[in-house]
Amino acid sequence: MLCIENLNRGGKIYRKLEKIYCCFFYERAIKKDISVGISQIKISNIANILRQSPIMFKKNLFKPSFSINVMTLIIKKIFNEYDDCSDYFNGDIFSYIASNYNGNYEIIDVKIYSAVLRSLMKNKTLKYKKINYDEEFYVY
Numbered sequence: 006m007l008c009i010e011n012l013n014r015g016g017k018i019y020r021k022l023e024k025i026y027c028c029f030f031y032e033r034a035i036k037k038d039i040s041v042g043i044s045q046i047k048i049s050n051i052a053n054i055l056r057q058s059p060i061m062f063k064k065n066l067f068k069p070s071f072s073i074n075v076m077t078l079i080i081k082k083i084f085n086e087y088d089d090c091s092d093y094f095n096g097d098i099f100s101y102i103a104s105n106y107n108g109n110y111e112i113i114d115v116k117i118y119s120a121v122l123r124s125l126m127k128n129k130t131l132k133y134k135k136i137n138y139d140e141e142f143y144v145y
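Quick note: the sequence shown uses the working numbering, first residue 6, plus one each step.
There may be inaccurate statements among the hints.
[Said to hold, decoys possible] Label pairs and their calculated CB-CB ranges: (1) V121 with N53: 23 to 29 Å; (2) Y87 with R33: 21 to 27 Å; (3) D97 with Y31: 36 to 42 Å; (4) S124 with K63: 34 to 40 Å; (5) K116 with D38: 21 to 27 Å; (6) K47 with A120: 31 to 37 Å; (7) R123 with E32: 36 to 42 Å; (8) R33 with F84: 31 to 37 Å.
[Stated by the list, open to error] In silico lysine-lysine, BS3-like type, Cα no more than 25 Å apart, as pairs: (9) K24 with K36; (10) K68 with K82; (11) K47 with K37; (12) K82 with K47; (13) K64 with K37; (14) K63 with K36; (15) K63 with K81; (16) K68 with K81; (17) K47 with K24; (18) K21 with K68; (19) K21 with K36.
Hints in this document: simulated from the structure, not taken from any laboratory. Every residue, glycine too, gets a C-beta built ideally from N, C-alpha and C.
Could you put together the complete structure from these sequences and hints?
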């Protein structure tokens, strides 16, 4: 997923602008529900998966470990829900992952993402294991 998100993310200037925007206009970033960090996850999705207010994780938004851990939680949730929907996606887990991670499957970007995922994961096994998160990941 990181490879795919970096294809569409833009250069260093965009990354700097994203950080500046979140630093000085965080309330507006929350309202606009922008995608942030190396995983490009919407602030509302981070809040939902962590069950925390966006204010609680503001200082961690641009830490790569935080972004990757949140992305891992989202993908784990997607995997756990796959059995219920596999018929709709004709057993294509890559389309299912791309659709759920990025939005509606009918969007052309999601179709491209699923094709790229399928290509990147060729001859690889999809699996996950439980991750032990450090204290800095969860902000109390």
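task = Hint by hint, work out which the structure violates, then give me just those numbers in ascending order.
result = Violated hints: 2 and 6; rest satisfied.
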